[in-house]
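Protein chains: 2
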Amino acid sequence: MVTIKEVAELAGVSVATVSRFMNNSGYVGKASREKVERAIKLLDFSPNEVARSLYQKKSKLIGLLLPDIANPFFPLVAKGVEDKINESGYSLILGNVQGDVEKEKEYLKIFAQNNVAGVLSAVHGSTKEFHGMPFVLLDRVNEDIEFAVYTDNFHGGELAAQAVSDRQAKHVVIMVGPKDVPSSHERLAGNLKVLNERNIPYQLYQTDTFQFDSAEKTAQHFLDQFPHADSVIASNDVYALAVMKETVKRGIRIPEELQIIGYDDMPFAALAFPGLSTIAQPAYEIGYQAADLLCRHIENKIILKKRIQLPVTLIIRESLREKMENE
Amino acid sequence: MVTIKEVAELAGVSVATVSRFMNNSGYVGKASREKVERAIKLLDFSPNEVARSLYQKKSKLIGLLLPDIANPFFPLVAKGVEDKINESGYSLILGNVQGDVEKEKEYLKIFAQNNVAGVLSAVHGSTKEFHGMPFVLLDRVNEDIEFAVYTDNFHGGELAAQAVSDRQAKHVVIMVGPKDVPSSHERLAGNLKVLNERNIPYQLYQTDTFQFDSAEKTAQHFLDQFPHADSVIASNDVYALAVMKETVKRGIRIPEELQIIGYDDMPFAALAFPGLSTIAQPAYEIGYQAADLLCRHIENKIILKKRIQLPVTLIIRESLREKMENE
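Protein chains in written order, with full-length UniProt numbering: chain A, 1 to 327; chain B, 1 to 327.
Keep in mind that the hints are not guaranteed to be accurate.
For identical chains, the list gives no copy identity; a pair is met inside one copy or between any two copies.
Straight-line Cα separation of at most 20 Å, SDA-like style, residue types lysine to any residue; simulated pairs [unchecked claim]:
#1 249 - 275
#2 109 - 3
#3 193 - 282
#4 5 - 19
#5 105 - 201
#6 103 - 89
#7 217 - 249
#8 301 - 101
#9 60 - 45
#10 79 - 296
#11 179 - 212
#12 179 - 302
Keep in mind the hints are simulated off the structure, nothing from the lab.
Required output: the full structure, derived from the provided sequences and hints.
Have a look at this one:
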């Protein structure tokens, strides 16, 4: 690999001059500038990131913590993050936490050891140790976080409850997301506000995880417990699809006997049959905006909003009954 | 951050001794060893990866190139990779290539600049420039690659064709994967061997991509072109699900009028209704085994097999007709 010393030698200038030129810091005369440019081109020089990282005390790497990469919501978030940070010249170190607090801490340590320029985290963990690294939280966000990109979970909960209660709901069951994830509470609060206002009876079913592995078993247990439900508000699309599958298996007609709404609008919600109605979260946009915010934060650029709330929308497909005009 | 110099001072030994201790290279006496251990513990010292990387000329990072993280096959591969490399103390830099050759080159350059210890690539690109980094290819593999983990695509193609032709197939359409992906050709060869042996008529439909974005439009175009098909061998599960959805929309019954088989066995294949029959590829295992091979390669450990072929299996669900015993 070509070194900065070789560039300086060929250009006939000092290493310090090449360094100033590369980092755009301090004065470099026009003649020197041209010589350095020519030498860099001739030698096909690309600065070693590790050497630069050690010198500048931060690298061109950004750490991303995800709760579960196998949940199809998060690859889309990662794609948004990656597109944005690439534009700004950064690359991604991935940490897939898998609901393990120790793993989360371990990753943050690894990020720090690699001098990452900043951290994006979609994990709502107990740890607040970011080792002084700039960070932006996304998706699963507490109120006391300074930099965050998230969606309006309360309103999403309202939309889901409105959608089912507009459509002859007499026995609603709400599948509540994991207790330790703040968005679960907000969505539930939105659900309950609407159902209570409209005097619609409901029951709750608590789930422990958003993960895929347990979806089918959960769906079976769920339908065993609530054989007379006519409406399900599911905690996410994976669980909604698992419930749909199990419902059809049991010979219960969707949406006539049981209507179902999910949350997320993953690509597969549209490909299911019947198509899954759901609350759309802009997964790619969450990742992209969070990455943009982090890059601005790192580079001390102007930040108009430190907390960005993105809208959610109701997507109607075949898993909901026809809307009653006079309800 | 604590430095190696501070550890040496507290321990009352030389920096070189601490370095030998940390790298497990050269002699360190018992007394010194104990002093260094105590100092490391007292100072909560963790070696800066960047400094170590510069010194050792390789980092504890591994680069992973994926064709499309939004295709649900690849997050599972990434999960397998991550689980294995974490066990061995490495972390992951992710590169999502998105079918862009320039982006692939750019990522390999970034990996090299960060002194990654090795590269895993599921991208079948035109570039062979790994900048001297150890690498293992996975999933999309050419014959001339030394280190590779892949599945038996030819046999997968045979299994899919056998499955449909065992079940009253009189008009088969094969959806062929992208031309530039070697596995597409191998699967097609497997399909054709079986169909030709059994004298079953077929037509081909060429697709340009495995990506999600175009699946629904492709499915519409596909069914417009082959209104009389009774069996579809799809290029992957995403396309199979898109065809299933469009088929049901058109009032064609699955599997009575049209039976469909996918490829991959993504989690969603099981949750679809009717359940999607498919050829299962062990995505997680591909990632895990490839990472294991790369770690052994990097660390000069014994390698029994440089090219590992993992088995594929036929998964029967409701999207295929009943098997005819006498066919």
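Now the hints, each set against the structure:
no.	hint	result
1	249 - 275	both (16 Å within a copy, 10 Å between copies)
2	109 - 3	between (30 Å within a copy, 15 Å between copies)
3	193 - 282	neither (24 Å within a copy, 45 Å between copies)
4	5 - 19	within (10 Å within a copy, 26 Å between copies)
5	105 - 201	neither (42 Å within a copy, 58 Å between copies)
6	103 - 89	between (27 Å within a copy, 12 Å between copies)
7	217 - 249	within (14 Å within a copy, 29 Å between copies)
8	301 - 101	neither (32 Å within a copy, 32 Å between copies)
9	60 - 45	within (17 Å within a copy, 24 Å between copies)
10	79 - 296	within (19 Å within a copy, 30 Å between copies)
11	179 - 212	within (17 Å within a copy, 32 Å between copies)
12	179 - 302	neither (36 Å within a copy, 46 Å between copies)
This entry does not satisfy hints 3, 5, 8, 12, going by the numbered hints stated previously.
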